[in-house]
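Chemist: Chains as they are written, first to last, in the numbering used here: chain F, 11 to 190; chain H, -9 to 144.
Because the hints were derived from the structure by calculation, they are not lab data.
Check before you lean on any hint, since a few could be wrong.
Claimed, not checked - Partial selection, computed: residues in chain H whose CB lies under 8 Å from chain F:
#: 1; residue: L36
#: 2; residue: L57
#: 3; residue: Y79
#: 4; residue: T95
#: 5; residue: L103
#: 6; residue: G110
#: 7; residue: F113
Keep in mind it's a predicted model, so treat the numbers as computed, not measured.
For every residue, glycine included, the Cβ atom is placed at its ideal position computed from N, Cα and C.
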Amino acid sequence: MRLSAVIPIFCLVGIGVILAMYLWQLGSGQKSVGEIPSVLIGRPAPIFNLPPLTNEGTRFSTESLKNRVSLVNIWASWCPPCRAEHPSLMTLAKRGVEIFGINYKDRKESALKFLRDLGNPYRAIGVDTLGQTAIDWGIYGYPETFVVDRKGHIRYRHVGPLSTDDISNTIIPLLKKLEK
Amino acid sequence: MTRCIFFLIALICLTREPVALEPNEILKTPALEERARNISKNLRCLVCQNQSIDDSDAGLARDLRLLVRKRIIAGDSDEHVISHIVSRYGDFVLLRPPFNKWTLTLWLSPLILLFIGTLGLVFYFRRKVSLDISPPLSDPEKRILERIKEEKTL
Chain F
11 MRLSAVIPIF CLVGIGVILA MYLWQLGSGQ KSVGEIPSVL IGRPAPIFNL PPLTNEGTRF
71 STESLKNRVS LVNIWASWCP PCRAEHPSLM TLAKRGVEIF GINYKDRKES ALKFLRDLGN
131 PYRAIGVDTL GQTAIDWGIY GYPETFVVDR KGHIRYRHVG PLSTDDISNT IIPLLKKLEK
Chain H
-9 MTRCIFFLIA LICLTREPVA LEPNEILKTP ALEERARNIS KNLRCLVCQN QSIDDSDAGL
51 ARDLRLLVRK RIIAGDSDEH VISHIVSRYG DFVLLRPPFN KWTLTLWLSP LILLFIGTLG
111 LVFYFRRKVS LDISPPLSDP EKRILERIKE EKTL
């Protein structure tokens, strides 16, 4: 075969390899191009201590996450996707999953009304008025849900509302695995 | 009319690049504010993703701008402030991605593509040149050429 015939093939293969690399790197831990992978996966949950939503409630802090497998859900009454995913959280809570809430930049009355209308799936709710704790969790969209293991390490992060598919295909299997 | 247009162009040139920064966020010490601006210029707003936190009106961008200033006042160096935010949001928060194994393709592919392109061009032109060079004339051809020339001069 002549060299001049090999060169175009070599060029095309080279470009193909680079495109394949792009696709491969996109696939590394990311579900879509727009989703940013969390750097906190496998790391201990950030140190925080948030006041409760109601006077009767308990504070939600890093300590609350120790010795139990739990979900941490960041929500606000002003966030429509949070409203959309709420029935999923209620279902999980009924199945005995421990869910902690971080109420993000919300008004107390609105948050309480949201829970009165749709039900309260949370074991405890911490109030993050300034959004500083949310930054420590690396949050950029609402709602976001984290799965935390017994040691208090973050194992999974979901951006956006949890669908029933997300729950049955990802969340429940992961919780089962971690509870073993 | 021309004057008016010149005046407008001058006015556009004089305006500063737009920033979303609000007056009450600005630090009192100009040197510290300068540092804050330099840091936030290179941090990505995670909500809009193609703007820096300096340019973005998003709530999160504002919170990050305030966090940058809080860390600066607390005495952190620029590197510490940046690593504080990178440890929460990852390298993606940097508008200029660092060179590591995950960004290898990103940084090297332009060079590889340039190399492939150059190679392609070199071979393309080489082949063109080689097609232009025709084999030398054979003896019968030379005789025909001579005859034509003679006929012309006659």
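Chemist: All the hints need checking, so say for each whether the structure fits it.
Modeler: Evaluation of the provided hints:
Annotation: interface hint on H/L36 holds; nearest CB of chain F at approximately 4 Å, less than 8 Å. Annotation: H/L57 was flagged as interfacial toward chain F, and the flag holds, the nearest CB pair being 6 Å apart, inside 8 Å. The beta carbon of H/Y79 comes within 5 Å of a beta carbon in chain F, closer than 8 Å, and the hint placing it at the interface holds. Given hint, H/T95 at the interface with chain F, holds; its Cβ is 4 Å from that chain's nearest Cβ, closer than 8 Å.
Satisfaction of the interface hint for H/L103 is found here, the shortest Cβ-Cβ separation to chain F being roughly 7 Å, below the 8 Å cut-off. A distance limit of 8 Å between C-beta atoms decides the matter here; for H/G110 the minimum to chain F is near 5 Å, and the interface restraint holds. Among the interface hints, the one on H/F113 holds; its C-beta lies about 5 Å from the nearest C-beta in chain F, closer than the 8 Å criterion.
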